[in-house]
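Each protein sequence line maps, in turn, to chains A and V. Start counting the first sequence at 1; every next residue gets the next number (this note's numbering). Start counting the second sequence at 1; every next residue gets the next number (this note's numbering).
Note that these hints are calculated values from the structure, not bench results. Among these hints, one or two may not hold up.
[What the hints assert, rightly or not] Below are the EDC-like pairs computed for lysine to aspartate or glutamate, each with C-alpha atoms no more than 16 Å apart in a straight line:
no.	chain 1	residue 1	chain 2	residue 2
1	V	41	A	276
2	V	142	A	646
3	A	240	V	17
4	A	693	V	17
5	V	41	A	681
[Stated by the list, open to error] Short derived list, chain V residues pointing at chain A, Cβ under 7 Å:
no.	residue
6	6
7	20
8	39
9	100
10	128
11	145
12	146
No residue lacks a Cβ here, since even glycine has one placed at the ideal position from N, Cα and C.
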Amino acid sequence: MSGFEKLSRREFLQTTGIASGGLVFAMTLGYPRSAAGASNVAPSVYVNIRDDDVVEIYCHRSEMGQGIRTSLPQVIADELEADWDRIELLQAPGDAKYGDQNTDGSTSIRKHFDLLRTAGASAREMLIAAAAMEWGMPAAELVARNHAIHHEASGRSAAYGDLVASAAELEVPEDVTFKDPADYRYIGKPMDLIDGVAMTTGAGIYGTDTVLPGMLYASVERCPVFGGTVKSVDDAKALKVAGVEQVVQMPDGTSPPGYNPLGGVAVLASNTWSAEQGRKALAIEWETGLNAEYDSASYRQQLVDTSHKEGKTVMNRGDVNAAFGTADRVIEADYYAPHLSHAPMEPPAASAMMHEDGSVEIWAATQDPQSIQGTVAALLGIDKTQVKINVTLLGGAFGRKSKADFSAEAAWLAKKTGKPVKVSWSREDDIRHGYYHTVSAQYLKGALDDEGNTTAWLHRSVFPSIGSTFSAEATGPANFELGLGMIDNPYAVPNMRLESGDAKAHVRIGWLRSVCNIYHAFAVCSFADELAHEAAADPRDYLLRLAGSPRKVNPADDGAEYSNYGQSLDVHPIDTARYAAVIRKVSDMAGWGRNLPDGHGLGISVHRSFLSTVGAVAEVRVDGEGKLHVEELWIAIDAGLVVNPDRVAAQMEGAGIFGMSLALHGEITAKDGVIEQGNYDTYPVIRMSEAPKAINVHIMDVDAPPGGVGEPGVPPVAPAIVNAYFAATGKRVRELPLKKAASAWLLQCAPSTGGRSSA
Amino acid sequence: MAIEFTLNGEPQSHDVDPQMPLLWVIRDIAGLTGTKYGCGKALCGSCTVHVDGNPVRSCAFPVSAAAGMSVTTIEGLSANGDHPVQEAWRELNVPQCGYCQSGQIMTAAALLERNPNPSEAEIATAMSGNICRCGTYTRIRKAIYRAAGGES
Ligand code: FES
Ligand code: FES
């Protein structure tokens, strides 16, 4: 088995419930079909070629802005030699038979590219075989081209739809031949967005747009302190609000929280506004519990204190202490980065209704429909197969919508009330009850010899772990988290020790676009810049020195456990030659070394994550009042093969803005356990007025398998800005967000004047 | 007492709390979901509609204030989704997740109605009330130039 198989029409109807005839393929994720039948098959993608010549493609990944609903069919259609205008894209529901649907970790192309190609190529070869059979010709004389099989010598041809009946009789080929990349029609081409019309006419349906017959609109008041519970509730006033139909106390949250609802009190009404008004009229007394002592200021000090003590060694090369002892100069730095909220434009939203057979059907803006199935099945005491998930468009996600909690709220309320229910989180709900990007303190110490070479590098990373959301035992950084930007340090430093320190979580911690790479890149790329200045070297040239000779780095050589984003280091190496090429390219794009106007500075940063390497140069301007402006960004990405260069460019542009938001503004803080921010006024993000005049993107032309794209643009942005700010002002910022540090200085002193050149 | 206005040319009469923001009347009562909620406090622009031609944050605009007026949402901006702003948006593939884009397009269309050739600074002023968390600003700027008949 090639991990790919053909389904009969009847099986297809059973598995998808969609009545359409034709040739249907189900791909598996490497599970061979057992002799007994289909029970252990996990198909991931369906291609259905209908006899009316339409090719249906099922997208099993969630669209959240990365463009997967365009890129995924590009791969299949190209290998299939299908006509783009005769493709019909269907969104797959949540079901294990589609294999891995968790749209997270920038995996959709890097982990699925070969699978998708195989789907297209197998279908193409079967259509060729069908024509060969019908025409009594050798398959080798036939070619597939633009939705038809052709026999060039005789000029004979047949449309795909006309070959479906014969092809359905054939076995799926064991091995397929992929197209010569020179013949690609869609892969590597900037195909227009499949959802372009829907997204510009208001027709796109997102999680919050579901309308079900007789539906109630729910708004949930949750305890302001994570882990708290309802002591008492008086709902008399709420029930008097026009439109309010019911008030329901939610089940208490769990410890650890996992994906379960947070508890609280739900107000259900005939429209969103009434539900919110009713909620405001609730009188609730809370039992706030242990996290009521969570205070960001004192917690920060704990993290920093821990980072100053010897931690748990996760990688060691050479002997850093000996090198520090004999160094010409030693420098140290503390870096701090706060909690962040995803704040996707569409706050979490899901709808649910019970069916008469006891099953529940959910419509959700979700990155991970199968985790909803598991969470809801456990919560309602039903089987996973009784939880049907329809995946809508996602109005942004960034990791927040990997979590099932809001969908589980809708399902639980639908069961409780016996009516269809839509749960919509307000912006305040989103910002105050998130799965936050973690808060971190990092300590770095470096040694320089008398020629300015870095001879030793000590890096300690301290933060509460994502693991704490799922296990009470997770009291400190997990290995997979340290592998996101710390353990995979590519620098050619002879003595290097990497350590971690424990920290307890007081809020739900989750992954946010590029995850730990955000703070690790901030510290590593800032410290590289600090070392360059200490060595009186140009920061770009110094980065090339740190990259060292062209080689492939394997953290295991220095005793680290490193999973390389779940893919092989042979196929996706930490390749310092490619890293150096990105440094050169992005600095050339930005005109590195040119003379700059007064108050301007250039900063550079390069970081590999999700198997792609991204370099960023920022040009900042500090105005007469000391205010910082990001004038322009240059971004170069080595993602190996790219399927849709326009979507890759868009992801880099978006990452530039997302990175600017967290570099300049993003900070979530807690006081007495309560999150102090609540909307875009207190949790600002970049707006048009702050957007750079251009974000210039270059995609490196590299013959290598695809890396990730959605996340790796983010990590280098903040350090590039911080380094540029230093170039412009001589002030080193070691904490995010930068605007806070910069405005503190503003209060203290007049701005330094006089720009420096980037060197 | 019922509040009357027109929505994309259709007469409407809704007996609702006069304080209910126009956004929720459009979405939950009239059933047009192209207009989006993003903040509820006039901070993000996702909910932008035109009221008698002016761009309005419908989340902070009581329905009573729309009485007797003509309300246009993204669904009614053009007959076939072919307003020059919509076309420019598609030609430059502006949307990422797309969620903010109804509001961006409505704000941009109102800007160009008032000012057919906006400068970069005028675009920044007009568009800065519209957040795009996906970060499509540089393309939005280009698409506005294009819709205005400029290059890009
Ligand atoms: S929802 Fe109205 S401005 Fe944000
Ligand atoms: S396109 Fe996603 S918020 Fe603008």
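Right, here's what the structure says about each hint:
For the suggested pair residue 41 of chain V and residue 276 of chain A, the alpha carbons sit about 14 Å apart, so the restraint of at most 16 Å is met. Between residue 142 of chain V and residue 646 of chain A the alpha-carbon distance is near 15 Å, which keeps this suggested pair within the 16 Å criterion. At most 16 Å may separate the alpha-carbon atoms for a hinted pair to count; residue 240 of chain A and residue 17 of chain V meet this at roughly 13 Å. In summary, the hint linking residue 693 of chain A to residue 17 of chain V is not supported, as the alpha carbons are separated by about 44 Å, beyond the 16 Å threshold.
For the hint pairing residue 41 of chain V with residue 681 of chain A, the CA-to-CA distance comes to about 9 Å; that is within 16 Å, so the pair holds. With 7 Å as the threshold, the beta carbon of residue 6 of chain V stays out of range of chain A, its nearest partner Cβ sitting at about 17 Å, so the hint is violated. Checking residue 20 of chain V against chain A: minimum C-beta separation of about 5 Å stays under 7 Å; hint holds. The interface hint given for residue 39 of chain V is met, as the beta carbon of that residue sits about 5 Å from the closest beta carbon of chain A, less than 7 Å.
Because the smallest distance between the Cβ of residue 100 of chain V and any Cβ of chain A comes to about 5 Å, under 7 Å, the interface hint for this residue holds. Interface restraint check: residue 128 of chain V against chain A, minimum CB-CB distance 4 Å, threshold 7 Å, status holds. Contact between residue 145 of chain V and chain A, as hinted, is not supported at the beta carbon level, the nearest pair being about 13 Å apart and thus beyond 7 Å. Against a cut-off of 7 Å between C-beta atoms, the interface hint on residue 146 of chain V is violated, since the closest Cβ of chain A lies about 13 Å away.
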